[in-house]
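Colleague: The lines below spell out each chain.
Protein chains: 2
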Amino acid sequence: MLYIVGLGLGDEKDITLRGLEAVQKSQSVYIEAYTSLLSFGVSSDGISTLEKLYGKSVTVADREMVEEKADAMLSEAQNSDVAFLVVGDPFGATTHTDLVVRAKQMGVDVKVIHNASVMNAIGVCGLQLYRYGETISIPFFTETWRPDSFYEKIKRNRDLGLHTLCLLDIKVKEPSLESLCRGKKIYEPPRFMSIVNAIEQLLEVEQKRGESAYDEETTCVGFARLGSDDQVIAAGSMRELLTVDFGPPLHCLVIAGETHPVEREMLSFFAVKQ
Amino acid sequence: MLYIVGLGLGDEKDITLRGLEAVQKSQSVYIEAYTSLLSFGVSSDGISTLEKLYGKSVTVADREMVEEKADAMLSEAQNSDVAFLVVGDPFGATTHTDLVVRAKQMGVDVKVIHNASVMNAIGVCGLQLYRYGETISIPFFTETWRPDSFYEKIKRNRDLGLHTLCLLDIKVKEPSLESLCRGKKIYEPPRFMSIVNAIEQLLEVEQKRGESAYDEETTCVGFARLGSDDQVIAAGSMRELLTVDFGPPLHCLVIAGETHPVEREMLSFFAVKQ
Chain A
0 MLYIVGLGLG
10 DEKDITLRGL
20 EAVQKSQSVY
30 IEAYTSLLSF
40 GVSSDGISTL
50 EKLYGKSVTV
60 ADREMVEEKA
70 DAMLSEAQNS
80 DVAFLVVGDP
90 FGATTHTDLV
100 VRAKQMGVDV
110 KVIHNASVMN
120 AIGVCGLQLY
130 RYGETISIPF
140 FTETWRPDSF
150 YEKIKRNRDL
160 GLHTLCLLDI
170 KVKEPSLESL
180 CRGKKIYEPP
190 RFMSIVNAIE
200 QLLEVEQKRG
210 ESAYDEETTC
220 VGFARLGSDD
230 QVIAAGSMRE
240 LLTVDFGPPL
250 HCLVIAGETH
260 PVEREMLSFF
270 AVKQ
Chain B
0 MLYIVGLGLG
10 DEKDITLRGL
20 EAVQKSQSVY
30 IEAYTSLLSF
40 GVSSDGISTL
50 EKLYGKSVTV
60 ADREMVEEKA
70 DAMLSEAQNS
80 DVAFLVVGDP
90 FGATTHTDLV
100 VRAKQMGVDV
110 KVIHNASVMN
120 AIGVCGLQLY
130 RYGETISIPF
140 FTETWRPDSF
150 YEKIKRNRDL
160 GLHTLCLLDI
170 KVKEPSLESL
180 CRGKKIYEPP
190 RFMSIVNAIE
200 QLLEVEQKRG
210 ESAYDEETTC
220 VGFARLGSDD
230 QVIAAGSMRE
240 LLTVDFGPPL
250 HCLVIAGETH
260 PVEREMLSFF
270 AVKQ
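Read top to bottom, the protein sequences are chains A and B. Residue numbering for the first sequence follows numbering that gives the first Met the number 0, beginning at 0 and increasing consecutively. Residue numbering for the second sequence follows numbering that gives the first Met the number 0, beginning at 0 and increasing consecutively.
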């Protein structure tokens, strides 16, 4: 059996009792390292916080390992219990569909243990989840690559009065261009897009496209470390949010559509103080 | 402090360690009874499963009690820790925004402990969460009340190639019309809309409106008791899903938009056997 266990958003205490049971009866435990694991006590020294809680060792699996060694992990799961831990929910913002497809093809039973993900936890700011349109992703712009296909989607959502969740780019274990040229892999340090960076890119695209999808005065909500004890949630115009110190990653951003009175009342509790 | 604790979707084991800690240090524990609590061991005999796990008594709070007695609960939370438990996530499909607004107005600190909700757990069928449009609700039709404003929303999502989550009506502790006329409250037995009922209503509306938002051959995914050990997930055309025995509530339904190859591969694992 392969258990795919969501860890939730905060730290090691956000696992469910059902998830903890699955981990404790598994012979091997892997944790995906596609996203920031810092709040889960996973550091370069190892993953002592989780291992202490679980009472067993945990192997950190980066994307490369999951892609290259999935078959070995799945073979193991044919004859014993294996737990694969993921931050958030197994099918939230980052999805693990490929792993499930491969498991099913190999005849491995898969059991998913759900948890909170950014896709539902953003509800905490008071904007109703059923009034969101399509979710978008904002990639890091480079000198030569400034894709803006998210712009139409935001415009469409806003024209319909719907809110837009913007997932912000994460670069973890990306081989550097230089190292690729030299034929050996050296990794760039991890990068996590900040809310300020995202808003700057959004405003740049609005200036270029000029279709008034949004502007500096558009109400947004910024979330940092959502679900953690030190989470920061701030509501205000794009211009106002540019002045907020949200602190360390992960960040995400919601662009509000039309808001109802109760939604506005909730947002006022998170309003940026000027 | 008022802790609003998500219980997740399955049973008492889906609480997080963080949530359990909050319950255990709270002086009073309430559980909202707006949705089905059967899988949480909450029956007419009481709520023994949860009480046994928590080691303390739990008060079932129906919508009426929360509306009428919220102030008493919040006053208590001004001077001690109170836990308010909700099925799923506190800000998932059913929202508790009003309670938070009242708490903040009374100066009560609120801490939200997230968990899985239907809004993110539907990701398990393989349809990507970021490709969903606006969520809709399908109400029980009566002889005289057959509202179909959800139709335009489905059409819009489908025109954009987006998936649509349909939340199905729940009637818990609704006063009967007869009892309201007689001036004393007698409650109707609880009703939970089934997938079959929802599809019948959807097809009736399509026939009436005739704008080809969907038809009998449109691919859908039905979910029953999502997140529980006995969950049922079935993918197929509306016509095919009408033949599936999904068993007891809760049910929800997804109407697929355009699907990508990996999405189709995942759906094939849940395909209705003909």
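Be careful, since some hints might not be right.
It does not matter which identical chain is meant; a pair holds if it fits inside one copy or across any two.
Pairs of lysine-lysine residues, derived as BS3-like cross-links and limited to a Cα-Cα distance of at most 25 Å, are as follows [stated by the list, open to error]:
{"no.": "1", "residue 1": "Lys207", "residue 2": "Lys24"}
{"no.": "2", "residue 1": "Lys51", "residue 2": "Lys170"}
{"no.": "3", "residue 1": "Lys24", "residue 2": "Lys51"}
{"no.": "4", "residue 1": "Lys154", "residue 2": "Lys12"}
{"no.": "5", "residue 1": "Lys170", "residue 2": "Lys103"}
{"no.": "6", "residue 1": "Lys55", "residue 2": "Lys272"}
{"no.": "7", "residue 1": "Lys207", "residue 2": "Lys154"}
{"no.": "8", "residue 1": "Lys272", "residue 2": "Lys68"}
{"no.": "9", "residue 1": "Lys103", "residue 2": "Lys154"}
{"no.": "10", "residue 1": "Lys103", "residue 2": "Lys272"}
{"no.": "11", "residue 1": "Lys184", "residue 2": "Lys152"}
{"no.": "12", "residue 1": "Lys272", "residue 2": "Lys154"}
{"no.": "13", "residue 1": "Lys272", "residue 2": "Lys207"}
{"no.": "14", "residue 1": "Lys272", "residue 2": "Lys110"}
{"no.": "15", "residue 1": "Lys207", "residue 2": "Lys103"}
{"no.": "16", "residue 1": "Lys154", "residue 2": "Lys110"}
{"no.": "17", "residue 1": "Lys68", "residue 2": "Lys184"}
{"no.": "18", "residue 1": "Lys103", "residue 2": "Lys152"}
{"no.": "19", "residue 1": "Lys184", "residue 2": "Lys110"}
{"no.": "20", "residue 1": "Lys51", "residue 2": "Lys272"}
{"no.": "21", "residue 1": "Lys103", "residue 2": "Lys68"}
{"no.": "22", "residue 1": "Lys55", "residue 2": "Lys152"}
Treat the hints as calculated values from the structure; they're not laboratory data.
Colleague: None of the hints should be skipped; say for each whether it holds.
Modeller: Verification of the supplied hints:
1. With identical chains, the CA atoms of Lys207 and Lys24 are never at most 25 Å apart, being 55 Å at best within one copy and 54 Å at best between copies.
2. Proximity of Lys51 and Lys170 under a CA criterion of 25 Å is satisfied in neither setting, with 28 Å inside one chain copy and 45 Å between copies.
3. For the identical chains of this complex, Lys24 and Lys51 are neighbours both inside a copy (15 Å) and across copies (23 Å), given an alpha-carbon limit of 25 Å.
4. Proximity of Lys154 to Lys12 under the C-alpha cut-off of 25 Å is found in neither arrangement, the shortest distances being 39 Å within a copy and 42 Å between copies.
5. Taking the shortest Cα distances, Lys170 and Lys103 never come within 25 Å of each other, neither inside one copy (29 Å) nor across copies (38 Å).
6. For the identical chains of this complex, Lys55 and Lys272 are neighbours neither inside a copy (46 Å) nor across copies (41 Å), given an alpha-carbon limit of 25 Å.
7. In this homomeric assembly, Lys207 and Lys154 come within 25 Å of each other (Cα to Cα) only inside a single copy, at 14 Å, whereas the closest approach across copies is 31 Å.
8. Taking the closest pair of Cα atoms, Lys272 and Lys68 never come within 25 Å of each other, the shortest separation being 50 Å inside a single copy and 33 Å across copies.
9. In this homomeric assembly, Lys103 and Lys154 never come within 25 Å of each other (Cα to Cα): the closest approach is 39 Å inside a single copy and 33 Å across copies.
10. In the homo-oligomer, the alpha carbons of Lys103 and Lys272 lie at most 25 Å apart only across protomers (17 Å), although the nearest pairing inside one protomer, at 52 Å, exceeds that limit.
11. For the homomeric pair Lys184 and Lys152, neither the shortest alpha-carbon distance inside one copy (36 Å) nor that between copies (48 Å) is at most 25 Å.
12. In this homomeric assembly, Lys272 and Lys154 never come within 25 Å of each other (Cα to Cα): the closest approach is 28 Å inside a single copy and 41 Å across copies.
13. For the homomeric pair Lys272 and Lys207, neither the shortest alpha-carbon distance inside one copy (30 Å) nor that between copies (51 Å) is at most 25 Å.
14. For the homomeric pair Lys272 and Lys110, the shortest alpha-carbon distance between copies (21 Å) is at most 25 Å, but the shortest distance inside one copy (45 Å) is not.
15. Proximity of Lys207 to Lys103 under the C-alpha cut-off of 25 Å is found in neither arrangement, the shortest distances being 46 Å within a copy and 41 Å between copies.
16. Neither within a single protomer nor between protomers do Lys154 and Lys110 lie at most 25 Å apart by alpha-carbon distance, with minima of 38 Å and 34 Å respectively.
17. Taking the closest pair of Cα atoms, Lys68 and Lys184 come within 25 Å of each other only inside a single copy of the chain (18 Å); across copies the shortest separation is 62 Å, beyond that limit.
18. Neither within a single protomer nor between protomers do Lys103 and Lys152 lie at most 25 Å apart by alpha-carbon distance, with minima of 34 Å and 34 Å respectively.
19. In this assembly of identical chains, the alpha carbons of Lys184 and Lys110 never lie at most 25 Å apart, being 34 Å within a copy and 44 Å across copies at closest.
20. Within a single copy, Lys51 and Lys272 get their C-alpha atoms no closer than 41 Å, and across copies no closer than 45 Å, so neither meets the 25 Å cut-off.
21. Only within a single protomer do Lys103 and Lys68 lie at most 25 Å apart by alpha-carbon distance; the minimum there is 16 Å, versus 50 Å between protomers.
22. Taking CA atoms no more than 25 Å apart as the test, Lys55 paired with Lys152 passes in neither setting, with 45 Å inside one copy and 49 Å between copies.
In the structure shown, a violation is registered for the earlier hints numbered 1, 2, 4, 5, 6, 8, 9, 11, 12, 13, 15, 16, 18, 19, 20, 22, in ascending order.
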